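K.L.:
Sequence:
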Amino acid sequence: MILSRRISLITATALFLVSLIFVAFFPSATQVFLLLSLSALTLVLAFRVFGAKLLWIGILAPLVYLASTYFVFIKFPLINLPFKLALCAVFSVFYYYLLLSVNTVLICSLENKSFPLLRAGKTVIYITTLFAAFLSYTVIYKFEYIFIFYFSSVFAVTFLLSVEYFWLQKVGVGEDAGKKNLDLFEPLIISIFVSEMAALLSFFPTEAFFRALAASSTFYVLLGLSENIASHKITKKMYLEYILILIIIFVILVVA
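The working numbering puts the first residue of the sequence shown at 4, with every later residue one more than the last.
Don't take each hint at face value.
Said to hold, decoys possible - The calculated DSS-like cross-link candidates involving lysine-lysine, where the alpha carbons are at most 27 angstroms apart (straight line), are:
| no. | residue 1 | residue 2 |
| --- | --- | --- |
| 1 | Lys56 | Lys240 |
| 2 | Lys240 | Lys125 |
| 3 | Lys116 | Lys173 |
| 4 | Lys56 | Lys116 |
| 5 | Lys145 | Lys78 |
These aren't lab readings, by the way, just hints derived from the structure by calculation. These numbers come from a predicted model, not from an experiment.
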């Protein structure tokens, strides 16, 4: 069972790597949508054993990650050859460990047990969630539209990532998350704040990279605050750290 699950995840990652290399050298929006659909299908097949509810919860972050990595090569077509190959390799490694971590957490939820790798899996999901958010925000800011576009796009991405993140974090902490309804309040509040920040940042005359960095830093701060407050672990030092991060990002935006 474990071996077959690992093989299915490796297969999904291998297909992602091949399709990513193809997009990197032949960037086209039409090809991206076709390859994204194919990768999404392999993702569904890889997680279908968990049932309908766990399936769609588990694929939210991977789908956002897939779309963002493909569109990186669409919006940044002038990346040189060695860097393209390096990005393909890095994106694929992140994708594999994201799938592996989501798989671990879903197994824990399905069997209502806590495995030794659960904590490590949640950490990987946390890192890749922020990474996917940063990539997505960068791509979104490469589109030159009015601020409403940035608000709605960032809201959609942040909401999908937040829903999966908060649901998966509940697994193994005394709650059978697989049998509970989704709590959409925290994802909704965080998504509203981040999307408002994203809309505000669209007025800054700076590069997409720095805007995305500021938006993803806001996402990071809100995730940390929400989780630590909920677990009653928040301290004055944490508040100061989060405030310092936001101040640093603001200074970078002004200077850049």
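K.L.:
So if I understand the rule, the pair passes when the alpha-carbon distance is 27 angstroms or less; does Lys116 with Lys173 pass?
P.N.:
holds (12 angstroms)
K.L.:
Between Lys145 and Lys78, does the CA-CA distance stay at or below 27 angstroms?
P.N.:
Since the Cα atoms of Lys145 and Lys78 sit roughly 7 angstroms apart, the hinted pair holds (cutoff 27 angstroms).
K.L.:
Are the Cα atoms of Lys56 and Lys240 separated by 27 angstroms or less?
P.N.:
Cα-Cα ~38 angstroms, so violated.
K.L.:
Within a Cα-Cα threshold of 27 angstroms, do Lys56 and Lys116 meet the stated pairing?
P.N.:
OK: Lys56 and Lys116 at ~18 angstroms, within 27 angstroms.
K.L.:
Quick one, are Lys240 and Lys125 close enough, alpha carbons at most 27 angstroms?
P.N.:
The given pair, whose Cα atoms are some 23 angstroms apart, holds under the 27 angstroms limit.
Taken one by one, the earlier hints fail for this structure only at number 1.
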